[in-house]
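A.B. asks: Generate the whole structure from the sequences, applying the supplied hints.
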Amino acid sequence: MEHRRHYTLHKLCSSIRKRLEEATGDRAYWVRAEIASVRPNRHMYLVLVEHREGRKVAVLPAMIWSSVLERLRSSLGSEFGNVLRQGSEVLLLGSVRFSEVHGLTLHVEDVDLSFSLGELERRKHATIATLRMEGVFDLNRSLPEPMVIQRIALVSSAGSAAHADFMQHLAENEFGYRFHVHVFQSAVQGEDAPRQLVAALAAIDPRRFDAVVLIRGGGSKLDLEAFNDLELCRTVARMPIPVMTGIGHDVDVSVLDMVARSPHKTPTAVADHLIDKCTFFESGLNGFVVGMLRVLGDRTNAGRHQLATHAEALRTRPLMLAERRSSDLQRCATIVGRKAQDACREASEQLNGHGTALAYLPRQRVQIVETARIEAHRVRLNRFAQQGMRALASHMEGMQRTVELLAPQRMLARGFSITRQHGKAIASVHGLSPGQEVETTFTNGTITSLIQRIEHHG
Amino acid sequence: MADAPTSYEKAYEELEAIMNDLQEDRISVDDLTAKVKRAAELITFCSDMLRSTEQEVAGIVKKLGH
Numbered sequence: 204m205e206h207r208r209h210y211t212l213h214k215l216c217s218s219i220r221k222r223l224e225e226a227t228g229d230r231a232y233w234v235r236a237e238i239a240s241v242r243p244n245r246h247m248y249l250v251l252v253e254h255r256e257g258r259k260v261a262v263l264p265a266m267i268w269s270s271v272l273e274r275l276r277s278s279l280g281s282e283f284g285n286v287l288r289q290g291s292e293v294l295l296l297g298s299v300r301f302s303e304v305h306g307l308t309l310h311v312e313d314v315d316l317s318f319s320l321g322e323l324e325r326r327k328h329a330t331i332a333t334l335r336m337e338g339v340f341d342l343n344r345s346l347p348e349p350m351v352i353q354r355i356a357l358v359s360s361a362g363s364a365a366h367a368d369f370m371q372h373l374a375e376n377e378f379g380y381r382f383h384v385h386v387f388q389s390a391v392q393g394e395d396a397p398r399q400l401v402a403a404l405a406a407i408d409p410r411r412f413d414a415v416v417l418i419r420g421g422g423s424k425l426d427l428e429a430f431n432d433l434e435l436c437r438t439v440a441r442m443p444i445p446v447m448t449g450i451g452h453d454v455d456v457s458v459l460d461m462v463a464r465s466p467h468k469t470p471t472a473v474a475d476h477l478i479d480k481c482t483f484f485e486s487g488l489n490g491f492v493v494g495m496l497r498v499l500g501d502r503t504n505a506g507r508h509q510l511a512t513h514a515e516a517l518r519t520r521p522l523m524l525a526e527r528r529s530s531d532l533q534r535c536a537t538i539v540g541r542k543a544q545d546a547c548r549e550a551s552e553q554l555n556g557h558g559t560a561l562a563y564l565p566r567q568r569v570q571i572v573e574t575a576r577i578e579a580h581r582v583r584l585n586r587f588a589q590q591g592m593r594a595l596a597s598h599m600e601g602m603q604r605t606v607e608l609l610a611p612q613r614m615l616a617r618g619f620s621i622t623r624q625h626g627k628a629i630a631s632v633h634g635l636s637p638g639q640e641v642e643t644t645f646t647n648g649t650i651t652s653l654i655q656r657i658e659h660h661g
Numbered sequence: 022m023a024d025a026p027t028s029y030e031k032a033y034e035e036l037e038a039i040m041n042d043l044q045e046d047r048i049s050v051d052d053l054t055a056k057v058k059r060a061a062e063l064i065t066f067c068s069d070m071l072r073s074t075e076q077e078v079a080g081i082v083k084k085l086g087h
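The listed protein sequences correspond, in order, to chains A and B.
Sequential numbering of the first sequence, starting at 204, is according to my numbering.
Sequential numbering of the second sequence, starting at 22, is according to my numbering.
Heads up, a few of these hints could be off.
As a list, the in silico EDC-like pairs of lysine to aspartate or glutamate whose alpha-carbon atoms are at most 16 Å apart [as the list claims (entries may be wrong)]:
#, chain 1, residue 1, chain 2, residue 2
1, A, Lys327, A, Glu292
2, A, Lys259, A, Glu225
3, B, Lys31, A, Glu348
4, B, Lys31, A, Glu485
Partial list, computed: chain A residues near chain B (C-beta under 10 Å) [said to hold, decoys possible]:
#, residue
5, Ala364
6, Ala367
7, Arg381
Everything labelled a hint here was simulated from the structure, so no lab data went into it.
Glycine is no exception: its CB is placed at the ideal position from the N, C-alpha and C atoms.
C.D. replies: Set out below in structure tokens:
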């Protein structure tokens with residue numbers, strides 16, 4: 204049997220290795236790939252993959268030496284586990300090595316963290332774009348928030364420090380408010396977190412709660428990846444009651460924060476917000492108490508004031524009227540009295556004159572006329588006296604009529620008027636001057652006028 | 022006696038309505054006492070609810086409902 208020319212496996216592999224080393228030297232390349240699997244050991248073994256249109260177009264094993272791992276752990280810090288994990292898109296610096304025993308491997312020397320963060324951002328924007336396209340992005344965040352949120356569906360990892368902080372903060376509020384918290388357990392970080400969170404949210408009966416609170420303790424930036432998960436964010440956006448988040452980060456905002464009704468930085472900030480709402484509501488109640496007391500006070504005061512006004516009016520109005528009437532009467536009485544006095548004095552003087560005449564006439568007659576004519580005289584005297592008395596009576600009557608006619612009301616009714624200044628009747632233009640105010644009383648009213656011009660008559 | 026409010030919002034709305042009526046002077050003296058009593062009940066109700074456990078809330082609602 205003829206022996207064919209052949210290479211031993213080792214020789215073939217050595218040859219491949221040599222050719223590869225000649226081609227690449229020790230050069231390292233930046234390679235962009237997805238981590239298909241991770242096998243941590245002393246060294247880390249990875250499988251890198253590239254998909255195009257859903258099809259695997261390249262696969263290459265990679266490894267990270269323990270010494271390099273140590274360096275990466277310190278340079279990536281808390282993001283280490285998020286960058287070097289299954290499913291993440293990475294940019295790796297590595298050299299291609301071929302080992303006769305282990306075959307082709309990319310020896311990783313460095314990892315680009317900013318690329319990983321950029322990827323996070325890119326996926327975040329993709330999630331936002333999808334939610335907007337589906338029309339769900341604004342659903343939860345545009346829900347009205349109840350005035351008081353007391354019945355709370357808490358989605359968290361029971362037993363975590365964040366959970367304990369939140370519960371304690373609510374329970375120990377200084378106002379004594381009670382919150383009814385039901386816990387829906389879920390992992391809040393790690394690969395399985397999005398799925399568990401969706402399941403927890405699905406278990407909530409929105410009719411039994413005022414709001415959903417989703418909390419987590421602090422974490423790294425890439426830890427937030429779970430909260431950019433499309434399905435989780437979609438579920439939160441579609442939640443029919445307000446969702447409040449406190450997922451512990453300062454700088455970055457996850458998509459979950461964007462779609463939630465009320466995002467807060469930390470679990471205790473959520474608790475504070477819930478307590479604040481109660482105090483705000485209760486201060487509103489106090490406002491009602493104060494307002495009501497004021498209104499009632501005003502109303503009572505108004506009533507009292509109104510009553511007092513009425514009472515005062517009732518008390519003073521008749522008095523004023525009586526005073527006015529009384530002063531009117533007084534004035535009339537004064538006028539009448541004066542007129543009557545004048546009339547009486549006049550009548551009295553006349554009477555006296557007649558009396559004197561009557562008294563002297565008979566004596567003169569007795570002295571001068573003969574006794575025979577005394578009787579005739581007496582008759583005449585009697586007649587005269589009688590006539591005189593009649594004349595006097597008629598004169599008195601006339602006087603009385605005059606007095607009556609002169610009574611102010613009658614005078615006024617006849618078209619005369621009384622003009623007064625400062626309450627005193629004006630009988631002369633002397634002492635008056637233009638610009639002064641005078642009051643004129645008619646039979647049925649009074650006018651107040653200003654003196655424009657004064658004409659003196661005689 | 023009106024029913025217990027079904028929510029804080031409802032209680033608040035009712036209080037606002039009473040307050041407005043009071044301010045506008047739309048409540049007769051006869052109704053005033055009843056309205057003020059109702060307002061006081063609502064305020065007490067809300068204040069109690071804020072400080073009650075879930076079990077106690079059921080009791081308060083029942084009490085005010087009658």
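A.B. asks: So which hints don't hold here, by number, going up?
C.D. replies: The structure breaks hints 2, 5, 6; every other hint is satisfied.
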